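Work out the full structure, taking the sequences as your base and the hints as a guide.
Residues 1 to 156 in our numbering are what the sequence shown lists, from first letter to last.
Since no wrong hints were added, every one of them can be taken at face value.
Have a look at the derived ranges for each label pair, beta carbon to beta carbon:
hint	residue 1	residue 2	range
1	VAL22	ARG138	49 to 57 Å
2	ASP110	ILE6	46 to 54 Å
3	VAL125	ALA70	14 to 22 Å
4	ASP98	VAL118	12 to 20 Å
5	LEU14	PRO104	35 to 43 Å
6	GLY141	ASP110	42 to 50 Å
7	LEU35	ARG138	48 to 56 Å
8	LEU117	VAL22	28 to 36 Å
9	ALA64	ILE32	43 to 51 Å
10	VAL13	LEU59	29 to 37 Å
11	VAL55	PRO104	37 to 45 Å
In case anyone wonders, no lab produced these hints; they're calculated from the structure.
Note that this is a predicted model, so its numbers are computed, not measured.
Glycine residues also receive a C-beta, built at the ideal position from the N, C-alpha and C atoms.
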Amino acid sequence: MKAARIVLVVIGVLVIAFGAYVLVTSVTPKRIGGLGVWLLAAVVLHDAILSPFVVGAGLLLRRAGRSLRAWVLVVVQAAIVLGSVLALVVLPEIAAKDHGQKNPTVLPFDYGTRLLLVEGALVVVVVVVLVVGVLRSRRAGGPSGSAGSSAVRSTG
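Quick look at the structure:
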């Protein structure tokens, strides 16, 4: 375990060093300020919006029932994170398309519709996973489901 941790730390440091090298050699000094603003905005979006939303969804799910399987919470929170990150990636394209562009081949698709389709597919996959998981746990061990991970119990 310790050797694996050391290998992962070394790989992480090498990736950071490579990123710093690429930054210094390929980004002009005038653009570093814009990059800093972008990185700061990403941290703020993550820490002020995405993380509290995921934690809040987890708290609401825990209050929804007396006990909730931990895997259910993981599936729903992972779907929230995936959907949020996907939206954050696509929203700039939607905004740019709405503002118009000089070259229509740069943003050729209807990104809003495609985002809704992919988010809908994500919801369908999550519902299927939850239904299959609940059915399997009921078959394996009755309503409480002895198979699978432990329940997350709410206190309150």
